[in-house]
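Number of protein chains: 4
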Amino acid sequence: MERNRLESFSDGVLAIIITIMVLELGVPKSPDISSLYPIIPIFLGYILSFIYVGIYWNNHHHLFQTLHKVSGTLLWVNLILLFWLSLLPFTTAWMTENHFAPLPTMLYGIVLLMASSSYFILEKQIIKTEGKNSKLKQAVGNDTKGKLSIVVYLIAISFALIHPLISQILYLIVAIFWIIPDRRIERVLD
Amino acid sequence: MERNRLESFSDGVLAIIITIMVLELGVPKSPDISSLYPIIPIFLGYILSFIYVGIYWNNHHHLFQTLHKVSGTLLWVNLILLFWLSLLPFTTAWMTENHFAPLPTMLYGIVLLMASSSYFILEKQIIKTEGKNSKLKQAVGNDTKGKLSIVVYLIAISFALIHPLISQILYLIVAIFWIIPDRRIERVLD
Amino acid sequence: MERNRLESFSDGVLAIIITIMVLELGVPKSPDISSLYPIIPIFLGYILSFIYVGIYWNNHHHLFQTLHKVSGTLLWVNLILLFWLSLLPFTTAWMTENHFAPLPTMLYGIVLLMASSSYFILEKQIIKTEGKNSKLKQAVGNDTKGKLSIVVYLIAISFALIHPLISQILYLIVAIFWIIPDRRIERVLD
Amino acid sequence: MERNRLESFSDGVLAIIITIMVLELGVPKSPDISSLYPIIPIFLGYILSFIYVGIYWNNHHHLFQTLHKVSGTLLWVNLILLFWLSLLPFTTAWMTENHFAPLPTMLYGIVLLMASSSYFILEKQIIKTEGKNSKLKQAVGNDTKGKLSIVVYLIAISFALIHPLISQILYLIVAIFWIIPDRRIERVLD
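These protein sequence lines map, in sequence, to chains A, B, C and D.
The numbering of the first sequence is my numbering, which starts it at 1 and goes up by one.
The numbering of the second sequence is my numbering, which starts it at 1 and goes up by one.
The numbering of the third sequence is my numbering, which starts it at 1 and goes up by one.
The numbering of the fourth sequence is my numbering, which starts it at 1 and goes up by one.
Derived by calculation from the structure, the hints in this document are not laboratory data.
Computed from a prediction, not measured in an experiment: that's the story for all the values here.
Each hint should be verified, as a subset may be incorrect.
Identical copies look the same in the list; a pair holds intra-copy or inter-copy alike.
[Said to hold, decoys possible] With a Cα cut of at most 27 Å, we get these calculated DSSO-like pairs of lysine-lysine: (1) K137 <-> K69; (2) K29 <-> K124; (3) K128 <-> K29; (4) K135 <-> K69; (5) K29 <-> K69; (6) K69 <-> K124.
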């Protein structure tokens, strides 16, 4: 498959994921300010997940930069990444509509963990495909940032059932950490 | 990131926003003309927001015309713009399903204000990136039209709680004002 | 705006319209064959509207074939076409969920009429833009097919309140009539 | 129509199909683990259908590889394929929300059968268009894999009303069978 078709399909899926989450903001039946209160946690969750999808979209384009043809294996690893991201609207809604309760907070983290692990595997696969002089390899090195995120998600998941607030703060920290664009890759590839 | 991937992602998000708003037109259970009456305000709101998304899509493509590579900062400012626009289906539904009540009218304006401000910042950032001979700068000048819209939104927001009708008329005026395509930019870039 | 961005945005909107209509096929709560009966008219309506959106997508790509830059006016006429098509999921659902009652049948036709008229105006505008040797003009001539469809819709709309079945059959006939691809245009442009 | 516009429209439709299925995972009102139990079958069905859409997207790009212009007939056969795939969210939801009951299991298979048959016809049409030295023909031969899938679906459908579990296992086997990328085509076309 040509790279740009994979990219445009992934972009389509990410654009839909990011947009359907807004449908969870159920429209209040009354025009009072108090009718907005129950939506506040859902709105905060929307922001967090919007940022996460933004990050993935943002980083996704770095991956295939040097490949022109994409093999069947890469296609499926990419689909697995999209699969986990497609669950974000569900886990976001479950967490935020239940006042950030422990179990939904844990599941939210598990989906983030699975998505970031898929991303990591995808990255490794592409580096392998590119071979010895892989530009992506030069750009991300050992991808300490990616590994660190996975570790933080694991910590967050372990805390979720006891202190869900800690987990939520950790999810936020990882998000902020990634908003800063990956200048390493930009430097090497541009 | 290459410009065209940012454009196609933005187009995807805008296409979804513009289309899911139609889902708010709940299908009446009866085939009588009277069953359409409650939908009329929702339909009018749909038209207004459709025009707004159309305007943003319309103007959005001017922005990146001269850039080939898009930096991480621009990516995020663009995502912030999309974030505010993604709230339009919510604010449209809240306003129209509550008979254009004061508070929802105010919130509708706040989201328009945030979107237009994000657009303005995005424009400024791109001009900065393009440097001294920025074509976009030549095209939009000081973007009096953009600044004026922001001022009108601010006026509309202040009126919303007292005379929501004035605010709604102002939102409509700004929309009509922008439907007329930006010939300034077309002149310079074509 | 460059032609291909207008095309991909239109494709996006059409792809969403065609797909969200399937959401109206409410999933029955029981696994019995009888639970499918109420869905049958909705399914038939889905087929009809799917064909219509398919036809528009199909013909849409002919339009901009020879243009490289698209003017602001064309952009808005195209958006008006998309606006009317975006109402198809609503009119389809209203008609089919109310057993093809007269008024919804009429509204279904009105939306088709508005869409085809917008298409016709868009075509005329493009021919005007292309100038004297317009390839599109050579291809569609006076667009008898387009004009005829508009006339048939008008007839169908007038019958809707008295004999809705006649209108529905006319909608179907126009659809079948257009499924046959527009070889005139293919001949000239290829 | 140019090939790439057909591809991007198909990608759009497939991206929406794959993503709206996740909306069927209704968000539980309670944060308990037990509230997830009823979602488990829906989730399993989501995985299966996600894989199927992935497979179609995956294979779809092989088809038009050697064509630059797409005829009207091919456009409509492609739309028929998309039509059947667009029914997957419905049949998936009906099957999984009714505990994999016989009739919904049968309908799920019928839609798979119709989709794979449409795909087969599309393939044949393209081979015919390409003529004697068709690269697609060289790549897929007689498409034993495609024919075999159709046969397995037929068997699965016949078992559905008696032993739906057998049918479900057969659907899964065909899916796994196709996940392995079509190296035959990759070999010839690359």
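Under the constraints set out in the numbered hints, which ones does this structure not fulfil?
2, 3 and 5
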